[in-house]
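Colleague: The residues making up each chain are set out below.
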Amino acid sequence: MIRPSFTGKAMQLLIHLILLAFALSCVYPFILTFMASISSEKSILDDGYQLVPKAFSLLAYRVVFNDQFIYSGYAVSIIVTVAGTAMSLLICGMAGYAMSNKRVKYRNGIAVYFYLTMVFGAGLLPWYLVCTQYLHLQNTIMALILPGLVSPFNVFLMRNYFASIPSELVESAEIDGCGVMRTFLQIIIPLSLPMMATITLFIGLAYWNDWASALWFIDNPKLYPLQYMLYRIESLMSFVKQYGSMGDMTMPTETFQLATLFVTIGPIIFLYPFIQRYFVKGIMIGAVKG
Amino acid sequence: MQGIAEKKKADMQGIVVKKRHGFLLEMKRNYPYYFMMLPAIILLFVFAYLPMPGIIIAFQDFNFVDKFKSPFVGLDNFKFYFTSSYAFRTTFNTIFINMNYLFWTTLVSLLFAILLNEIRLKLAKKFYQNLMFLPFFLSAVVVGKFVTELVFSDHNGVANQIVKLFGHEPIVWSQTAAPWAWIIIGAHVWQAAGYSTIIYLATITGIDDHLFEAASLDGANRWQQIRQILLPLLTPMIIILCLLSIGGMLRGDFGTIYSIIGDNGLLFEHTDVIDTYVFRAIKGAADFGTTAAVGLYQSVVGFILVYGSNALVKKYDKDSALF
Numbered sequence: 001m002i003r004p005s006f007t008g009k010a011m012q013l014l015i016h017l018i019l020l021a022f023a024l025s026c027v028y029p030f031i032l033t034f035m036a037s038i039s040s041e042k043s044i045l046d047d048g049y050q051l052v053p054k055a056f057s058l059l060a061y062r063v064v065f066n067d068q069f070i071y072s073g074y075a076v077s078i079i080v081t082v083a084g085t086a087m088s089l090l091i092c093g094m095a096g097y098a099m100s101n102k103r104v105k106y107r108n109g110i111a112v113y114f115y116l117t118m119v120f121g122a123g124l125l126p127w128y129l130v131c132t133q134y135l136h137l138q139n140t141i142m143a144l145i146l147p148g149l150v151s152p153f154n155v156f157l158m159r160n161y162f163a164s165i166p167s168e169l170v171e172s173a174e175i176d177g178c179g180v181m182r183t184f185l186q187i188i189i190p191l192s193l194p195m196m197a198t199i200t201l202f203i204g205l206a207y208w209n210d211w212a213s214a215l216w217f218i219d220n221p222k223l224y225p226l227q228y229m230l231y232r233i234e235s236l237m238s239f240v241k242q243y244g245s246m247g248d249m250t251m252p253t254e255t256f257q258l259a260t261l262f263v264t265i266g267p268i269i270f271l272y273p274f275i276q277r278y279f280v281k282g283i284m285i286g287a288v289k290g
Numbered sequence: 001m002q003g004i005a006e007k008k009k010a011d012m013q014g015i016v017v018k019k020r021h022g023f024l025l026e027m028k029r030n031y032p033y034y035f036m037m038l039p040a041i042i043l044l045f046v047f048a049y050l051p052m053p054g055i056i057i058a059f060q061d062f063n064f065v066d067k068f069k070s071p072f073v074g075l076d077n078f079k080f081y082f083t084s085s086y087a088f089r090t091t092f093n094t095i096f097i098n099m100n101y102l103f104w105t106t107l108v109s110l111l112f113a114i115l116l117n118e119i120r121l122k123l124a125k126k127f128y129q130n131l132m133f134l135p136f137f138l139s140a141v142v143v144g145k146f147v148t149e150l151v152f153s154d155h156n157g158v159a160n161q162i163v164k165l166f167g168h169e170p171i172v173w174s175q176t177a178a179p180w181a182w183i184i185i186g187a188h189v190w191q192a193a194g195y196s197t198i199i200y201l202a203t204i205t206g207i208d209d210h211l212f213e214a215a216s217l218d219g220a221n222r223w224q225q226i227r228q229i230l231l232p233l234l235t236p237m238i239i240i241l242c243l244l245s246i247g248g249m250l251r252g253d254f255g256t257i258y259s260i261i262g263d264n265g266l267l268f269e270h271t272d273v274i275d276t277y278v279f280r281a282i283k284g285a286a287d288f289g290t291t292a293a294v295g296l297y298q299s300v301v302g303f304i305l306v307y308g309s310n311a312l313v314k315k316y317d318k319d320s321a322l323f
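Residue numbers (the numbering used here), protein chains in the order written: chain P, 1 to 290; chain C, 1 to 323.
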């Protein structure tokens, strides 16, 4: 519906300027990073970061792609994201579904069990000690996946959504001989796709962007996920120095950082146009309901 | 036992016992559901409940040999923290930074949502919205690198280029503590504004257009309509979003803050929050007892805040309460 707007031309212009300024500030760092990463090291040291590079050089990218850790970082991040998201979705979804069924007698007690963990935590230290002293998670890829698998918040989100699906559907499926798990996978999930897609994207993003777990548990550079590798970039710089000493060029330390930064955010930028609207849709569904 | 007896009785009489179901009967009837919950229950037990007895460390002089059987020291750990200068500084910084997160994110995203709603060009609206949402997808590390490398780096960052443009001496950011709390707050607002903008915009889109038409027939201008119709109708959403984030107030925002400040002690005065303090203590293998005491303090206050804010949400709008 077209809403009659009473704002004059000048007002419209002002609004556009404000929004444009903020919108541009949101993409500016990406463009600047990219432009600076393809500049020559010398021009950055002399003039600082420039939107239009004065001297062009791809040396930093050559160094980045020569660095084995970029590849292992990608591998770790992809494995953690895919495995973590799939498992988390299944585990949280199953729990949420079981809790949404009114026939399950202890579902409220179990909901309390879930929700208590949302309001009361033992604190970082006991958690850290359990993970390292008793589960021996340090320096395993499981340390990056396991602790984040169950999010009570997501469980409750799913439970509420599943509860809004008419229970007659479940009953008729069971009369037709469908097992509980099959009802869940073949009837409930397809009916909940918009919500599931949104939660999938949220969990996936959380795993992809997670670096604190690596900060706690990972010492082995081969197991660094991409984000943590980016954080620890100074420690990878020794590689650059080695590389630089072979030629007679300036060592690309500044541009190496920026090139790595760009390589790690690259996938998000390329996926962004495709996944962004699902996010918006999902948030809209959640917001309008509330 | 009782369950089995009742079930037998029920089987014999061919009726379903409605009044009291025993545990075993319930398990027999609905075991597939309980199996479905099991993985989540186990994982939560391991990662949330198992650490809980570890709170005991807060009352111990912890060492790695005796682990949880270390000697007890009573409330000494708490005394040590609360009498040190850290207690006030970290608590103040945590609350200061989080309050500002909440205030500015709400204000900015509310403003943007209202402005976006005023835009007539559909294409432009989409364009702004898409770009605004982009920072939300970045990790704390990437935001941290943007802030420390691109904008506030000492020699060639954008901030210093601007400072130089105005003919001032470049600022050595890494040694100037005062602005960093605001830099962190700015980075957070920059990252989070797009997301809340979309939530508010969704709420605005859900408002019945007839209200605005009626108001305009009565001669209300756009600004009056916003003040008298839009804002009152947005208030429940604003309040709920605010109350929900109050719960996490003592938990800080470890990821962003640590990736920006790291271990630069010169900046701690204005940026050291409880989480970063605990982290340093754990990684530095310093005084574990004190660290656990701080963690417990954080949990208890967090619990009170979550519980209190939820009670408020419940009072205001029952459907939006978390539990």
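Honestly, the hints are just simulated from the structure, not real lab data. Keep in mind the model is a prediction, meaning the values are calculated, not measured. Glycine is no exception: its CB is placed at the ideal position from the N, C-alpha and C atoms. There could be a bad hint or two in this list.
Covered stretches of chain P, as calculated for chain C (at least 3 residues, CB under 8 Å) [stated by the list, open to error]:
| id | region |
| --- | --- |
| 1 | 83 to 94 |
| 2 | 165 to 178 |
Which residues of chain P face chain C? A few of them, derived with a C-beta cut under 7 Å, are [said to hold, decoys possible]:
| id | residue |
| --- | --- |
| 3 | C26 |
| 4 | P29 |
| 5 | I31 |
| 6 | N209 |
The list that follows gives simulated cross-link-like pairs (lysine-lysine, DSSO-like), each with its CA atoms no further than 30 Å apart [to be verified]:
| id | chain 1 | residue 1 | chain 2 | residue 2 |
| --- | --- | --- | --- | --- |
| 7 | P | K222 | C | K125 |
| 8 | C | K318 | P | K105 |
| 9 | C | K283 | P | K9 |
| 10 | C | K283 | C | K79 |
| 11 | P | K281 | C | K318 |
| 12 | P | K54 | P | K42 |
| 13 | C | K164 | P | K281 |
| 14 | C | K283 | C | K69 |
| 15 | C | K315 | P | K105 |
| 16 | P | K105 | C | K314 |
| 17 | P | K105 | C | K28 |
| 18 | P | K102 | C | K79 |
| 19 | P | K281 | C | K122 |
| 20 | P | K102 | C | K164 |
| 21 | P | K54 | C | K164 |
| 22 | C | K314 | P | K281 |
| 23 | C | K67 | P | K102 |
| 24 | C | K126 | P | K102 |
| 25 | P | K9 | C | K122 |
| 26 | C | K79 | C | K67 |
| 27 | C | K69 | C | K79 |
| 28 | C | K164 | P | K42 |
| 29 | C | K315 | P | K9 |
| 30 | C | K125 | P | K281 |
| 31 | C | K67 | C | K283 |
Colleague: What hints, given by number in increasing order, does this structure fail?
Modeller: 2, 5, 7, 9, 13, 18, 20, 23, 24 and 29
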